[in-house]
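S.K.: Listed here are the chains, written in short residue letters.
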Amino acid sequence: MKLFSKESLIINSVRLVTYFIVVVVGYLLFDIVVKGAPTISWSFLTDLPRKSGAEGGIYPAIIGTVYLVLGAITVALPLGMASAIYLSEYAMRGKLNQGIRLAIITLAGVPSIVFGLFGLGLFVLFFGFGASILAGSLTLSFMILPTIIVSSEEALQAVPMGLREASLALGATQWQTVYKSVLPFALPGMFTGSILGIGRAAGETAPILLTVAAFFLPRLPSSIFDQVMALPYHLYVLATQHPDTEKVLPMQYGTALVLIIIVVFFNLTAIILRNHFRKKIQW
Amino acid sequence: MNTWRDKAIHTILVGAASTSILIVLLIFVFLGKEAFPFIWEVGFGELFRTKWIPVSFKAEIFGLIPLISGSLLVTGFATLIMIPFGVFGAIYIAELGTETERSFLKPFIEILAGIPSVVIGFFGLVVLSPIIKSAFGLNTGLTGLTGAILLAFMAIPTVITVSEDAIQSVPRAYREASLALGASKLQTIFRVIVPAALPGIIAAIMLGMGRVIGETMAVLMVTGNAAKLTLNPFDSVRTMTATIAAEMGEVAFGSHHYQALFWVGIFLLIMTFGLNVVAQKVLRKYQMR
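Protein chains in written order, with my numbering: chain A, 182 to 464; chain B, 16 to 304.
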C-alpha cells in the first residue's frame, strides 16, 4: 500500500510538471489576447502608423509580412517539394543522398541570425539587392526549406510501396509512377509542410532584421527592391526601441495579438489537416 | 519512350535537391568572405580577448570571450530548466497520459513551438522580468536568468517531441517483459524504458541546446545586453546572437567591427553545427527516428 502511494505521488508530480507547461503557454496566450483585443479595430488593421508607431495602425507591417511570406514560399515550396521527391523516390541511398541529408540537418540547425548575416552578405551586398523584399524573402525561403523538405518526404514515405510497384510493373516510367501514383496521395501532406513553413516565416525577426525590415516606413512598397515594415520587427521596435515604451504598450499588445493570430492560424491549420489526412488515408 | 523527358526531370530534381548543399556551402563562403579580412587586418588572437568594446575613441577591443560566456551562461541555465520539463513532459505524454490528454497536449506543444520568438521576448519583457525583479529583489529584471527561462520554454517543444519519439521507439517487448516480471508502471518507465531511450533523450536535449544558443530575439529583449564576463545569472549578459542583431544595423560595412560580428556568426554556426550533427548521429545510430 505504501508503494502504491509513493508511485501515485511520483506520477502526479510528472503530471504537474507537464501541466505547468500548459498553464504557462495558456497564460501567455490569455494575457496577449485579453490585453491585445481592445486595441484591435478596423482602423488599427488598415491605417498607416503615425508618430513612429505610437498612433495609427499597422497596415504596412501586415502587408510587408504577407509579401515576405509569399516571396519565401514561392521559392521554397517548389524547391523543397522537388528535393523531397528526389530524396524519397529517386535516390534512396548513395553519396549524394547522404550529402543532401547532412546539408538539410545543418540548414535546420543554422541560427536564424546567421541566416540574416548570410542574406546580408549574399543578397544585400554581393548581389546588390540592397535591403529589400527580394533579399528578405530569399533569406526566409532558405530558412524554411528544411521544414518543407522533411515534411514533404514524410508524406511521400507514407504512400505504400505497392502503388509504386504496381505502376512500374505495368511499364510506367519512374516519373509516370511518381506523377500518377504517388504524388496525388502525398500532395496534401506536402502542403501541410508548406503551411508550417509559412507560420515560421511569418514570425521570424532575426533574418529580416538584417535584410529587409524598415524601422518606420508609413507607406506601401512599390517594388520588390523596396524595404518594408514587418509585424515581428514592428513589435520588437515598439517594445524596445520606442522612446516611450510604456505609452505604446497597447500598440505592442495589439501587434503581438495580430502576429499570434496569423502564426497560430497557420500552425493549427497544418496540425488539423495533417491529423485529418493521417486518419482518412488508411492503407 | 519518354526517356528524354524522364532524364530531364531527373536532372531537374537532382538540381533542386542539391541546392541544400549549395546553400550550406554559400553560408560558409559568405560568412568567411566578410570575416576573414579581420585576421590580417587586426589579428586572429584579438578575438580571444576578454573585453568587447567595439566602439571607442581610443582603441576598439573585439574580444568575443564575454559574448561566448554570455551565450554559455544563458544556455547552461536554460538547459537545467528545460531538462525536467522536457523529459517529464515526454514521459507523461508517451507513457502516463490518457488518449484524450495526448490529443490536446500534443497540439498544445506544437503551438508553443510555433509562437514567434519576438512574442516570447515581448512576454518576457512585460510579464516575466517584473516578476524576476521583485522575486529576487534586483535593480532590473533584465538578467541572464530571465533569458534562460524564456529560452528553456522555447526549447521544450523540441525536447519533448524528440524524446517522445525515442520513448515510442523502445520495443514493446521490453515493456511487456518488465510488467510480466511484476514491475510496477513506474519501475518499468524509469528502470527499463527511460534507460533504453536515453541516447535519444540526450540527443533531444542537445537539439534543444542548439536551438537555445541560436535564439536571438527573446534574449536580445530580456537579458539587458551588458557585455561583461560573469557567471552570475542575476547579472545582465549579452549573448552572441543578441550582439549581432543589436550592432549589425549600426556598423559601417567592411569595418573591423563588421568583420568581428561575422566572426561571432561563424563561432555560432560552428557551435550549433556541432550540437546538431552529434545529436543526429546518436539518433541515427540508435534508430530513434
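Think of the hints as simulated: they come from the structure by calculation, not from any bench.
Since the model is a prediction, treat every value here as computed from it, not as a measurement.
A hint or two may mislead.
[Claimed, not checked] Estimated spans, in silico, between C-beta atoms of each pair: (1) A/L277 with B/R20: 17 to 23 Å; (2) A/E236 with B/E114: 47 to 53 Å; (3) A/D212 with B/G91: 27 to 33 Å; (4) B/E114 with A/Q355: 37 to 43 Å; (5) A/K276 with B/P214: 25 to 31 Å; (6) A/L401 with B/K243: 32 to 38 Å; (7) B/F43 with A/L277: 18 to 24 Å; (8) B/K22 with A/F397: 35 to 41 Å.
Ideal Cβ placement from N, Cα and C applies to all residues, glycine included.
S.K.: Please flag the earlier hints that this structure goes against, numbers listed from lowest up.
M.R.: Hints 6, 8 are the ones this structure does not satisfy, whereas the remaining hints hold.
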